[in-house]
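S.K.: Using the sequences and the hints, build the whole thing.
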Amino acid sequence: MPIDEWQQINPLIRRKVFPPGERLMSMAIEFKKGGIGPEHAHPHEQLGYVVSGKIRMVLDGAEIVASAGEQVVVPGGVSHSVEALEDSLVLEAFTPLREDLLGS
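According to my numbering, numbering within the sequence shown proceeds without interruption in unit steps and concludes at 131.
Keep in mind that the hints were calculated from the coordinates and are not lab data. Hints may be right or wrong, so weigh each one.
As the list claims (entries may be wrong) - Have a look at the derived ranges for each label pair, beta carbon to beta carbon:
id : residue 1 : residue 2 : range
1  : Leu112    : Glu49     : 34 to 44 Å
2  : Lys60     : Trp33     : 12 to 22 Å
3  : Pro102    : Glu49     : 19 to 29 Å
A virtual CB, placed ideally from N, CA and C, is assigned to each residue, including glycine.
M.R.: And the structure:
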């Protein structure tokens with residue numbers, strides 16, 4: 028996966044994985060309204076900060092709506108999904124590193 032370049036995930040979502048630190052990494056995700064990140068889980072702790080727009084996340088069955096200026100914390104191992112309620116930009120941070128996103 029390319030680092031520090033935008034990658035189109037599907038017609039409604041693209042992401043840019045930034046060069047990581049030793050134990051922390053981040054990426055930007057642009058969603059068009061209606062874009063969906065399907066339900067999944069990973070062992071990494073995740074923090075998502077909504078720069079612009081509005082998203083709906085479902086964490087282990089609980090629904091959370093976050094707007095610009097708000098964040099959502101996803102504990103490691105918790106099942107979660109996301110839907111863009113409007114065009115949105117979300118910055119996400121993960122620890123430890125997500126090797127699956129870094130191409131290692």
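S.K.: For every hint, state whether the structure bears it out.
M.R.: Outcome of the hint check:
At about 35 Å, the CB distance of Leu112 to Glu49 agrees with the hint of 34 to 44 Å. In this structure the supplied range 12 to 22 Å holds for Lys60 paired with Trp33, their Cβ-Cβ distance being about 19 Å. The hint said 19 to 29 Å for the Cβ distance between Pro102 and Glu49, and at roughly 21 Å that hint holds.
Every hint from the earlier list agrees with this structure, and none is contradicted.
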